[in-house]
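Undergrad: Sequence:
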Amino acid sequence: MTACVNRKHTKKVAAVVTASLVGALSLGAAPVAAVADTGIDMQALTPADAFKNGTVAATNGKGEAVTFPAKDDVAFSAGSGEYLLPESITIEGSTIDFNLSSVSGDTKIEWKKSGAPFAELGLGADATKAPSRQTWTAGEYSVTITYLKSGSQYNGASKTINFDIVDTDLTKATVFNATDGNTDASESTFTYNGKAQTVGLAVDGAVLKAADYVVEIKDASNATVYNLTNAGDYTVNVYEPGESSTTSAPIKSIKVTVAKLNLSTADVTISDTTSSAAPTACKADGVDLNTTGGNGDKVDIAVNANISVNGEYTATVKAVSNQANITGSATVTFNKVAEVVADFQYNGNPFPSSIMNVDLSKPVTAYDESLIEVFDTAGTELSSKDYDIWYTDKDGNEASASDLGTLGTWKVNVRVNAKRSDYAIGSDTHTITVKVTGGQVAESDVVFKYKGEVCNDLTSLVYNGEDFLDDIQTVVRSGGKELTAGTDYTVKVVNAAGDEVDKIVDVDTYTISIDSDNYDLSAVADKDITVTVKPVELFDAVGDNLVYAKSDLMQTFGNQTIIPYTGADIDAAFTFGYFTDADGKVVAYDADKNYKWNELPEGTVLIDSIEYAEKVPNGSGSFIPGIFSPVDGLKDTGYYRITVSLGTGVKNYDVNTGFVKALVEVSDAGIFADVPNDAWYSEVVYTAKKNGYINGYAGTQLFGPERDITRAEVVCILYNMAGGKVLVGSDLWNQYLAYATKFDDVDTNMYYAQAIGWAAKFGVVNGYGDGTFAPEKNVTREEFAAMLANYAKAMNDYEAASSDALGSFADAGQVADWAEESVAWAVANKIMGNNGSIDPTSDISRAEVAAMAVNYQPEKITDNFLQ
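Per the numbering used here, the sequence shown starts with residue 6, numbered consecutively.
Heads up, some of the hints might be wrong.
As the list claims (entries may be wrong) - The calculated DMTMM-like cross-link candidates involving lysine to aspartate or glutamate, where the alpha carbons are at most 25 Å apart (straight line), are:
no., residue 1, residue 2
1, K656, E505
2, K118, D217
3, K456, D475
4, K555, D588
5, K67, E221
6, K323, D348
7, K454, D513
8, K177, D507
FYI, nobody ran anything at the bench for these hints, they're computed from the structure.
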């Protein structure tokens with residue numbers, strides 16, 4: 006970056022700047038600078054406002070002076086017995102010492118904890134509430150000073166200061182740059198500046214005292230260092246007081262990087278000189294560099310011409326190759342002059358070396374550029390025409406005097422213009438840094454919200470795979486105006502390791518904090534919240550797992566889920582998951598509830614073992630497991646019990662080492678190889694098979710669900726529905742065969758003869774007028790509806806339905822007159838037509854027959870009604 010003397014600048018007479026003498030809660034605070042808003046009359050400062058803006062001096066209650074942070078609130082450690090005890094206030098240069106006698110004093114001080122009265126001292130105070138008698142535990146405190154001196158202009162005026170007492174939980178410690186006594190915990194960057202930089206620790210933004218911890222700093226080679234000087238990577242190991250690496254492991258290790266000073270982006274200057282020798286020194290962002298540097302900060306300075314006569318010269322400043330602490334290059338102009346001046350003053354004092362702060366919301370007293378003075382070596386003041394003043398932002402971009410009335414950090418740069426004096430005088434560039442903030446943010450003006458509701462710390466969030474940060478909102482106001490995140494203030498999210506993140510998803514402890522370079526947050530005690538994401542607990546109150554095993558091989562029928570038996574080893578390829586209710590709570594499966602299935606990521610749980618037990622009748626028509634024994638996998642019919650444990654490194658879920666919630670059953674009941682578990686008819690075919698209504702093809706595991714069905718096969722199904730196969734004795738068998746002989750084409754030796762005889766006896770079916778039954782003829786849908794209606798009549802379970810039941814079907818007109826009553830009955834009782842059509846004349850499939858049979862009679866009967 007070029008520090009050119011002839012740079013564009015604002016004329017001195019055009020720029021008017023103001024300076025505030027009110028304190029910023031810092032002892033010996035420097036004056037505060039800002040550009041005056043010309044054209045607006047400033048009201049006189051009232052005594053009450055002057056008192057409120059005064060600078061307080063205080064101790065820690067033990068006689069030790071307290072240095073107020075430049076930005077954040079002062080904080081003390083729980084257990085130290087320390088608290089904030091104001092002793093005096095300085096107002097417009099005059100100091101008032103507080104007389105805290107309860108009888109003859111002139112001041113009363115009152116402390117509150119979380120808004121509730123806590124302690125008091127001074128005029129009229131209750132001695133039992135003296136601060137020295139209280140136990141100062143962790144919390145948010147405020148102290149209010151009320152001046153009560155009769156006759157004083159400040160009588161009745163008050164000032165409130167917030168402070169914190171924090172638990173020194175060193176696992177939550179963060180590192181900040183504490184160089185030169187800085188106590189702004191948000192200053193977390195380190196850049197090489199040729200000086201030793203100090204590491205400080207803070208917890209939740211509150212600065213810890215040195216007595217609260219021990220740190221050991223290791224460089225990249227693991228050598229111990231005592232501060233951060235050279236560029237590079239470091240590890241700050243944090244220990245409890247009195248501990249070290251020789252006695253214990255660190256409570257926390259924090260990575261810190263000191264960045265190299267980059268000449269390409271730095272503000273590099275070379276002072277004007279009276280010598281003809283090439284310059285050997287320069288400054289980069291205020292860091293002194295030279296051509297003999299031996300600490301990794303050596304530069305080459307190459308001048309464009311021999312320095313002989315007075316005039317302007319150009320030099321290239323470049324970091325020597327492989328320098329540890331600096332990098333890059335810059336082109337710089339300087340002058341050979343007869344005299345170099347260095348006495349730059351503002352308002353009679355040398356330019357301040359520290360940042361000058363201004364709060365635009367506070368009263369300011371005017372000053373202007375005419376208060377900038379430059380003196381030669383003889384002490385004679387130079388004319389304002391002899392030097393230039395220009396403005397930049399903190400990154401060196403061109404600005405103007407008016408910018409100092411807006412938010413940001415600005416630099417006022419002053420340098421003698423050597424050319425105007427024909428190189429009689431020159432100088433280096435001298436700079437004042439001004440930080441302009443937009444006003445005070447009150448404690449109540451910072452709000453954190455979760456799902457639209459105001460919240461404090463969020464400690465009960467449970468991992469759900471979604472980004473909780475999407476539901477967390479920050480609201481910050483100043484002077485009634487809502488500020489904009491990213492512009493007026495920043496929001497930072499860090500995890501427990503101190504790494505900055507942009508999402509809150511996985512199980513961890515996160516801290517969301519706000520900060521601002523533009524607004525004063527010193528009155529805000531809580532600038533952050535803690536967000537704790539807990540793992541999903543996949544077990545119930547007694548510790549039983551609520552994890553379920555799942556396989557693509559599984560088929561579910563009603564409330565029963567099984568894996569079909571194949572006779573061979575079964576590769577179930579289990580996945581695992583759990584059920585949640587509408588509120589997201591992990592629950593045990595309930596077939597009657599609409600619970601959500603949540604599949605676990607692969608590797609979340611691991612199978613430790615599988616055990617097998619045979620199915621044993623329990624005496625009431627169902628089965629229970631026998632004795633379990635270990636097996637290598639699934640094969641035989643029966644029950645399997647799976648033991649699981651949490652996978653390595655899994656943190657978002659928590660399971661107990663133990664059984665999954667439900668047994669896995671391998672079964673050959675009601676299973677056909679050609680009935681997919683996702684087919685519309687799979688459940689009804691299973692139920693029909695379980696109830697004994699249907700059978701597959703002999704010697705196979707096939708059912709043929711899409712095939713047509715014959716009259717003989719349909720009659721067998723109706724016979725089975727009546728319990729004929731199970732309940733009919735040998736005497737009835739022969740009787741039914743006799744009935745079958747009425748049909749000329751029914752062979753009594755065929756498998757269906759008995760069923761046809763039964764159906765004929767009870768009027769379930771009828772033959773044709775020529776004396777035949779046509780057992781091998783396919784059945785249409787309306788024919789089966791008629792047979793099923795006849796079956797219902799025989800069972801005394803038939804109630805005729807109106808033909809209006811067919812009115813909503815487009816194909817109702819295709820129903821034959823003789824079948825209309827039966828079809829209407831079937832439709833009205835939701836036995837058929839449930840897909841929106843009747844399709845009466847099409848041949849019915851085996852699956853459709855199973856569906857209509859189950860729709861009419863979902864449970865098998867246990868008494869032989871048709872004998």
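Undergrad: Taking the hints in turn, state whether each one holds.
TA: Now for the hints, and whether the structure bears them out:
1. K656 - E505: Given pair K656, E505 holds - Cα atoms ~19 Å apart, limit 25 Å.
2. K118 - D217: Given that 25 Å is the threshold and the Cα spacing comes to 22 Å, the pair holds.
3. K456 - D475: 9 Å, holds
4. K555 - D588: 23 Å, holds
5. K67 - E221: Roughly 29 Å between the alpha carbons, so the hint for K67 and E221 is violated.
6. K323 - D348: 29 Å, violated
7. K454 - D513: 20 Å, holds
8. K177 - D507: 19 Å, holds
Checked against the numbered hints above, the structure breaks hints 5 and 6 and satisfies the rest.
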